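J.: Heads up, the sequence shown is in my numbering, so the first residue is 1 and it goes up one at a time.
For the record, the hints were derived by calculation from the structure and aren't laboratory data.
Remember, it's a predicted structure, so these values are computed and weren't measured experimentally.
There's no promise every hint is true.
[Claimed, not checked] Simulated pairs of lysine-lysine, DSBU-like, Cα-Cα distance not exceeding 30 Å: (1) Lys95 <-> Lys78; (2) Lys152 <-> Lys135; (3) Lys92 <-> Lys78.
[To be verified] If you anchor each label on the Cβ, the simulated ranges turn out as follows: (4) Glu109 <-> Leu86: 29 to 39 Å; (5) Glu156 <-> Asn178: 27 to 37 Å; (6) Pro63 <-> His84: 24 to 34 Å; (7) Glu109 <-> Ala132: 31 to 41 Å; (8) Leu128 <-> Asp150: 28 to 38 Å; (9) Lys152 <-> Leu128: 57 to 67 Å.
Glycine residues also receive a C-beta, built at the ideal position from the N, C-alpha and C atoms.
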Amino acid sequence: MPPDNEPPSERLAPSTELIKAIHNTQVTKPLPSEPPTNNSDPSSPRSDATIRDALLWGAAFVPFLALALLPRRSQLNKLRGDIHALSRQSSKQSKLALEAITALRSNQEELRQSLAQTSAALTRLEELQAHASSKHGAALHYIHRAIANDIKTSREQEQAERLAVDQVAVQALEEARNHLLASRR
Numbered sequence: 001m002p003p004d005n006e007p008p009s010e011r012l013a014p015s016t017e018l019i020k021a022i023h024n025t026q027v028t029k030p031l032p033s034e035p036p037t038n039n040s041d042p043s044s045p046r047s048d049a050t051i052r053d054a055l056l057w058g059a060a061f062v063p064f065l066a067l068a069l070l071p072r073r074s075q076l077n078k079l080r081g082d083i084h085a086l087s088r089q090s091s092k093q094s095k096l097a098l099e100a101i102t103a104l105r106s107n108q109e110e111l112r113q114s115l116a117q118t119s120a121a122l123t124r125l126e127e128l129q130a131h132a133s134s135k136h137g138a139a140l141h142y143i144h145r146a147i148a149n150d151i152k153t154s155r156e157q158e159q160a161e162r163l164a165v166d167q168v169a170v171q172a173l174e175e176a177r178n179h180l181l182a183s184r185r
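Take the sequences, apply the hints, and build the full model.
T.: Quick look at the structure:
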């Protein structure tokens, strides 16, 4: 018997060779000189010989066929062990896959919540930015207005100072004129 660790094709090779040998023997067997007859007469010697030959060939062929077609018990046990190992491995993998799917679903839910919070924060930030922009615009308006008022005030003050200087000059000129007029008299 070949060892169990050989490939199945090598383990079944002797049985296959025997079947081929039987088949070749059957094909090369000389044919009867008389053509077969369909005698249903049980007393006919030709029908008894044909039945006997068929039974002998069948009886000789069945053990070889059984050897060729039926796997050995150790092969069956090994296959059963492999099937059980694959079954256990696939059940472990399916459990791991279910755990991974559950973890992915919880992560997906957390991600959805995080995205909702981020979206709300972005909306609030846009609102604050718009509010700050309007406040900034108002502040700029007030600053420009104050600068304009300051410029206006400084112009008015400058004008007032010029008027005061002009009035002092006019008074000085009048006093000088009056003084000249008085001295001419």
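J.: Check each numbered hint against the structure and report the violated ones by number, ascending.
T.: Going through the list in order, the structure violates hint 9 alone and respects the others.
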